[in-house]
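Colleague: Throw the hints in and build the complete structure from the sequences for me.
Residue numbers (the working numbering), protein chains in the order written: chain X, 1 to 204; chain U, 1 to 484; chain L, 1 to 645.
Mixed in with the good hints there might be a few duds.
To give a feel for the contact side, a few chain X residues facing chain L, derived at Cβ under 10 Å [to be verified]:
| no. | residue |
| --- | --- |
| 1 | Tyr91 |
| 2 | Ile94 |
| 3 | Gly95 |
| 4 | Gly99 |
| 5 | Ile101 |
| 6 | Glu105 |
| 7 | Leu106 |
| 8 | Val109 |
| 9 | Leu110 |
| 10 | Ile181 |
| 11 | Val185 |
Per the computed footprint, the stretches of chain L lying under chain U, defined by three or more beta-carbons under 8 Å from a beta-carbon of chain U, are [what the hints assert, rightly or not]:
| no. | region |
| --- | --- |
| 12 | 145–152 |
| 13 | 619–625 |
Worth flagging that the hints you see were computed from the coordinates, not collected in a lab.
Where a beta carbon is used, it is the ideal one built from N, C-alpha and C, also for glycine.
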Amino acid sequence: MVIQALVFYLFAAVVVASAVMVISARNPVHSVLFLILAFFNAAGLFLLMGAEFLAMILVVVYVGAVAVLFLFVVMMLDVNVAQLRQGFLQYLPIGALVGLILLVELVMVLGAWVLAPGTVEGSGMPIPDPSQVTNTEALGRVIYDHYIYLFQAAGLILLIAMIGAIVLTLRQREGVRRQSISKQVARQRAEGVELKDVPSGGGV
Amino acid sequence: MSIGADIVAALPELFLAGTAIILLMLGVFMRDISTRSIGLLAVAALAFAGALIYLGDGRGTVAFNGLFLNDGFGDFMKVLVLIGAALTIVMALRGLEQEQMNQFEFPVLLVLATVGMLMMISANDLISLYMGLELQSLALYVVAAFRRDSLRSSEAGLKYFVLGSLASGMLLYGMSMVYGFTGSTSFDVLAQVFASQEDAPSIGLIVGIVFIAAGLAFKISAVPFHMWTPDVYEGAPTPVTAFLAAAPKVAAMALLVRVLMGPFGDLVAQWQQIVVFIALASMLLGSFAAIVQSNIKRLMAYSSIGHVGFALVGLAAGSEAGVRGVAVYMAIYLFMTVGVFAVILAMRVNGRAVEAMDDLKGLSKTNPLMALAMAALMFSMAGIPPLAGFFGKFYVFMAAVEAGLFELAVIGVLASVVAAYYYLRIVKVMYFDEPVEAFDKPVGSELASVLAISTLVIVLFVLIPGPIVDGAATAAEALTSAGR
Amino acid sequence: MDVAIVFLPLVGAILAGFFGRSLGDRGAQLVTSGGLVLAALFSIIVFFDVALGGNARTTELFTWIDSGAFELSWALRVDTLTAIMFCVVTIVSAIVHIYSIGYMSEDKSIPRFMAYLSLFTFFMLMLVSADNFVQMFFGWEGVGLASYLLIGFWYEKPSANAAAIKAFLVNRVGDVGFALGIAGAFLLFGAVQFDVVFGLVEGQADASVSIFGIEAHALTAICLLLFVGAMGKSAQLGLHTWLPDAMEGPTPVSALIHAATMVTAGVFMLCRLSPMFEYAPVALEVVTYVGAATALFAATVGLTQTDIKRVIAYSTCSQLGYMFFAIGVSAYSAAMFHLMTHAFFKALLFLGAGSVIHAMHHEQDMRKMGGLYNKIPVTYALMWIGSLALVGFGIPGVTGFAGFYSKDIVIEAAYAAESAAGGFAFWIGIVAALLTAFYSFRLLFMTFHGRPADQHAYEHAHESPRVMVWPLYVLAIGAVLAGAVFYPYFVGDAREAFWGNSLLVLHDIIEEAHHVPFWVKAAPMVVTVIGIALAWLFYIMAPSLPGLLAERLRPLYLFSFNKWYFDELYDRIFVRPAFHLGRSLWKSGDGALIDGLGPDGVASVTRNLAARAGKLQSGYLYHYAFAMMIGVVLLITWYMFRTMG
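Modeller: Written out as C-alpha cells, the structure reads:
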C-alpha cells in the first residue's frame with residue numbers, strides 16, 4: 001500500500017508539474033513535450049486505479065496521435081510565443097486575483113464536502129468484478145449497451161467535427177494540378193492515344 | 001425497455017440524424033445536386049420530424065435507460081425549434097447563393113445542429129444534456145465561420161468556439177461537482193435526492209449549480225456570459241445569424257428551464273437569485289447597449305440579450321405560471337426574430353448586403369409593405385399592445401409579480417421602456433427619414449413568405465392566442481407536475 | 001319655443017360651420033340669418049307671454065351632472081329678465097346677421113363668420129336662460145370663446161390676434177373671480193341652482209367665512225368675487241383694457257358683442273343675482289363706485305380718441321358704468337332699462353360707424369374723414385338719431401329719445417339713494433353726461449362736417465347697400481321709441497307686475513327716483529345741451545380750438561389720449577414681470593432643472609450608460625473570457641457570503 005501511495009504521489013506531482021510547464025514553457029515545442037509527459041503520468045494514474053484500458057488508450061491516442069500532431073503543427077506554424085504572451089503581465093494581477101478568489105472558494109467548498117444524505121447508493125452503473133470481466137469488455141458493455149444513446153451522439157459530434165474541418169479548410173484551388181485516381185483508372189485508351197498517319201518522308 | 005421502444009421514443013431525432021447523413025451522402029456523391037435542393041429536402045425533413053412529434057403523442061416517455069425523456073414541455077419546445085430551424089433555412093437558401101457560400105454542407109450542418117437541440121430538450125441526464133449541447137454547438141461554430149474567406153466570419157467562428165469551449169468547461173465542472181455531491185447524473189435521481197432533503201443543500205452543490213447555470217447562460221447569451229453575442233452576430237454571415245438568433249436560443253432556454261425546474265426544482269430558493277441576477281443584468285444591458293448601435297445585426301444581438309433577460313424573469317418566478325410565461329415568450333420571440341431577420345436578409349443594395357440602420361431610411365416609401373411588417377415587428381418587440389410581444393412580457397411579468405418579485409418586474413418594465421426607444425427609432429427611421437437607395441427587388445418569395453408568416457403570427461396573436469398559450473400551458477404543466 | 005330660441009342659432013352655427021363649404025356663402029348666410037330672424041320672432045312672442053303675461057317658467061332639458069350631493073340639469077329659466085335679454089340678443093343679433101351679409105360680402109370666409117356669430121348668439125342665450133351658476137358659467141365661457149374667435153377673425157392681422165388674446169386673457173382674470181364666486185356660493189349654500197340659492201340667502205345673510213385667517217362677511221365676499229367676473233365681461237375700470245382693442249374685429253362683431261350683448265352680461269348677471277346682492281350692501285357700494293368711476297374714466301378717454309370705433313367703444317364702457325352704478329343703488333330695473341335702450345342705440349351707432357367705414361373703404365381714422373353728410377345722407381341721419389339717443393336728448397316731462405328715459409332714471413335713482421356712494425355716482429353721472437354729449441357730437445361733426453381731409457376717399461365714398469341700411473332702420477326705430485314705449489313697464493307704474501319675481505329689491509328706489517327735485521331731472525339735459533354746444537364750437541365754429549386746447553392742456557390731453565396710461569401700467573405691473581417670471585421659470589426652472597434632471601437628464605444618462613455598455617465590447621477574446629470568469633466568481637462569492645452569514 002505504501003508503495004502504491006508513493007507511486008501515486010509521484011505520478012500526481014509530475015502531472016501537475018508538467019501541466020504547469022505546458023503553459024509556462026517559452027518554447028512551444030517544449031510545451032508539447034511536457035504535455036506528452038503529463039499524458040504519460042496520467043496514464044500511470046489510471047493504471048494505479050486498475051483501469052488499464054484507459055491507460056493504454058491515453059498513451060495510444062493522446063500521446064501517439066494527438067500530441068504528435070500538435071508537435072507537427074507547432075513546428076510547422078512557427079508560432080511566435082512572445083507575441084502571444086503580450087498582455088499577459090498586464091492582466092496577471094487581476095487574473096491572479098480572480099483565480100485566487102475562486103481557488104479559496106473551491107477549497108472551502110471541498111472542505112465542506114458531504115455526500116448528500118438522500119443519495120441513492122450505487123445509483124451509477126455497478127462495477128463488475130474485475131476478476132470475471134476484463135476492463136475492455138466491461139467498458140464495451142456499458143458504452144455499446146447502456147449508453148448507446150450517448151455513444152451515437154458522440155459519433156454525430158465527431159461527424160460534425162469532420163465535416164467542419166473539411167468545409168473550413170478544404171479548397172479546390174484553380175490551377176493546381178492534383179492527382180485524381182479514379183480519373184486515372186477510368187481513363188480509356190482513346191482519350192490518351194491519338195493515331196496519326198505520318199506521311200512517309202514528311203516527318204512528324 | 002427494449003431497443004425498439006427506445007427507437008420509437010426518439011424517432012424524430014433519429015429520423016433527422018439519418019436524414020442529415022443521407023443528405024450528406026447525396027451532396028458528396030451527386031456532384032450536380034444543388035444546395036437549394038439539399039436545403040429544401042432538409043426543410044422537408046424538419047417538417048416531417050415536426051409532424052412525428054405532433055402526431056406521436058404516445059411514443060413513450062423515458063428511453064435509453066433514463067437518458068432520454070419525452071414530455072409535453074419537450075414536445076412544445078421541439079416544435080418551436082423545428083419551426084425556427086425550418087424558417088431560417090428557407091430564408092438562408094437565397095442568401096447562400098448570393099453570398100458565395102453555396103455549399104451543400106450548410107443545410108446538413110444545420111440539420112445536425114437541430115438534432116442536437118432536440119437532444120438537449122429531451123435530456124434527462126447531465127451527460128445526455130452535455131452531448132446534445134455539444135452536438136448543437138459544434139455545428140454552430142462551424143457555420144458561424146462558414147464564409148471562410150471573410151476575416152470577420154472566421155473571427156466570429158473562432159471567438160464563438162473558444163468562448164463556447166470555456167462555457168462547456170464550466171458546465172462540465174459544475175456537473176462534476178453535482179455528481180460529486182449526489183453521486184448521480186440522472187435527473188430523476190437528482191430530483192429524488194433533493195426532494196428527500198430536509199436541510200439546506202451544501203455550498204458545494206450550489207457552486208455546482210452556479211457553474212451549470214453559467215454554462216447554460218452562455219448558450220442563451222445572458223449577461224455576463226453574453227460577450228460573444230454581438231461580435232458573432234455581426235461577424236457571421238447573415239443567414240447564419242438568423243439561425244443562431246432563433247432556434248438555438250429557444251432550445252437553450254428550454255434546457256435551462258428543464259434543468260432548473262426539473263432536477264433542481266426543489267432548490268428554487270437557491271438558484272432563484274442567480275436567475276434574478278442574470279435576468280436583471282441581461283434586461284438592462286440589452287436595453288442600454290443597443291441604443292448606441294448602428295449596425296442592425298449588432299442591434300439584434302443586444303435585442304436578443306434583452307429578450308432573454310425578459311424570458312428569464314418568468315423562470316425566476318420558479319412557478320408553473322413562470323414556465324408558461326417563458327414558453328410563450330420564447331415562442332413569440334422566435335417569430336419576431338425570424339421576421340426581423342427576413343427583413344435584414346432583404347437589405348441588399350445593388351447585389352451587396354448592407355446592414356447599417358441608416359440603410360433602412362425611408363423604407364416606407366421605397367417598400368411600404370416591408371416597412372409595415374417591420375414596423376409591426378418592432379412595435380411587438382417593444383412590447384406595445386395589441387401585438388404579441390406585449391403578451392409575452394405580460395405573462396412573464398405577471399408570473400414574477402405573483403411570485404413576489406416586484407422589484408424584478410418593475411425594473412423589467414423600465415428596461416422595456418428603454419428598449420422601446422431603439423425599436424421605435426427604427427420605425428422612425430423607416431417612416432420619417434428621407435429615403436436612401438432602395439433595396440433590390442424582388443426580395444424573393446422565400447423571404448417574403450417567411451416575413452408574411454411571422455408578421456401574421458405576431459399581429460394575429462391577440463385574436464388567436466390559443467395555439468401558443470394553450471400549448472405553453474400544457475408544456476408548463478407537464479414540466480412542473482413531473483418532478484413532484 | 002324657449003328651446004327653439006336657444007337652439008336655432010346653434011343649429012345655424014353647426015350647419016354653417018361644418019357644412020359651409022357645401023352650403024356656399026349664400027346658403028350659410030340664409031341658414032344663420034333665417035334662424036336668427038325666427039328666433040327673434042319667437043323671442044317677441046315669449047316676451048309678450050312671459051313679461052307682459054306674467055308666465056315665468058323653467059324648462060328642464062336633461063340631467064347634466066349627478067355626482068353625490070352635486071346635482072344639476074340643463075334647464076331654461078325664462079322669466080321677465082330672461083325674456084328681455086332674449087329680445088335684445090336675438091333682435092340685435094338678427095339685425096347684425098343681416099347687416100353682415102352686406103358688410104362682409106367681400107370676405108373670403110363668410111360661412112365661418114356667420115357660424116361664429118350664430119355660435120356666439122347661442123352661448124349668449126344659454127347664459128341668459130341659465131337656471132344655475134354652472135350653466136351660466138358655461139354660457140359665460142362660451143361667449144368668451146366666441147368673442148375670441150370673432151375678434152381674431154381676421155387672423156392674418158397680427159394686431160387682431162393680439163387683441164383677441166388680450167380680450168381672452170383679461171376676461172380670464174374676471175372668470176377666475178366668477179368661478180371662485182360660484183364655488184363660494186356652493187360652499188355656503190350647498191347648491192348652485194338659482195332658486196335654491198335665492199331661497200337660502202336670507203338665512204345666510206349674516207354668515208361669515210374665514211379667508212386666509214380673516215373673518216369676512218360671506219355674502220359680501222361671494223358677491224365681490226362674482227362682481228369681479230362681471231367687471232371682466234363688462235369692461236369695468238381695471239379690467240376694461242380689452243374692450244377698445246377688441247375693435248380690431250369686424251364692425252358687426254363690435255356692434256353685437258362689444259356693445260349690445262356680451263358686455264352687458266355682467267349687468268345681467270348682477271340683476272339676476274339681485275337677491276344675493278341685496279343682502280350684501282358693502283358689495284353694492286363697491287359696485288356703485290366702480291361703475292361711476294368707469295363712467296367718468298371712459299368718457300374722458302372718449303374725448304380725445306380719433307378712431308371712430310374706439311370712441312364708440314369707450315362710450316360703451318362709460319354707459320356700462322352707468323348701468324353698474326344703477327345696480328349699486330339697487331335700481332336693477334333702471335339698469336336693465338338702460339341696458340335695453342343702450343343695446344339699440346349703441347348697435348345703431350356701431351353699425352352706422354360700420355357703414356361709414358364701409359363707405360370710406362375701411363378707413364377708421366376720423367381725422368381722415370369729414371364732410372361726408374352729403375355723400376352718405378342716410379347713414380348721416382341714422383348716426384344723428386343714434387347720437388341723440390346716446391346723449392339722452394329729450395325734453396324733460398314731455399318726451400325724448402330712448403337714452404333720455406333710461407339715463408335720466410339712472411341718474412335720478414343715484415340721487416335718490418341719498419348715500420355717499422349715490423351722491424358720488426350722481427355727480428359723476430352729470431359730468432359724464434356732459435362729456436358724452438361732447439364726444440358724441442365731436443364724432444358726428446368730425447366725420448360728417450367740415451372739410452374732407454382725404455379728397456380721394458371722399459369722392460369714392462358711397463352709400464351702403466340696402467341689406468346694410470334696412471337693419472339700421474329697425475334699430476333707429478328702437479333708439480327713438482324704446483324709451484317712451486317701455487318706460488311704464490320697466491320703471492314706471494306697471495313695473496311691479498312686469499318684473500314679477502325676477503328681481504328682488506328690498507328698498508324701492510325707483511319710486512323715490514320719481515320724486516326727486518326738478519333740477520335733478522333737468523340737470524342731465526342741461527349739461528347735454530352744453531356739451532353739444534361745446535362740440536359745435538370746437539369742431540364747426542373754430543376748428544383750430546381743439547389743437548390749441550390740447551397744446552395748452554398737454555398733460556391732461558395726453559393723459560386722456562393715452563387712456564390714463566392703463567395699458568402702460570399693466571404692462572409694467574403685470575405683463576413684464578409675468579414675462580420675466582415665465583422666462584426665468586422656463587430657462588432655469590423648466591429648462592435647466594426639470595428637463596435637466598428629468599427627460600434630458602435621464603436621456604443623457606441613458607446614452608452615457610449605453611456608450612459604456614458598448615465600450616465593454618472590446619472585441620478581445622480574453623476580455624470576454626475574463627468577463628465570464630468574473631461573473632461566475634461573483635455569483636459564487638455571493639452564495640458563499642449568503643450561506644456563511
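Colleague: When the structure is checked against the list of hints, which entries are broken? Sort them ascending.
Modeller: 9, 10, 11, 12
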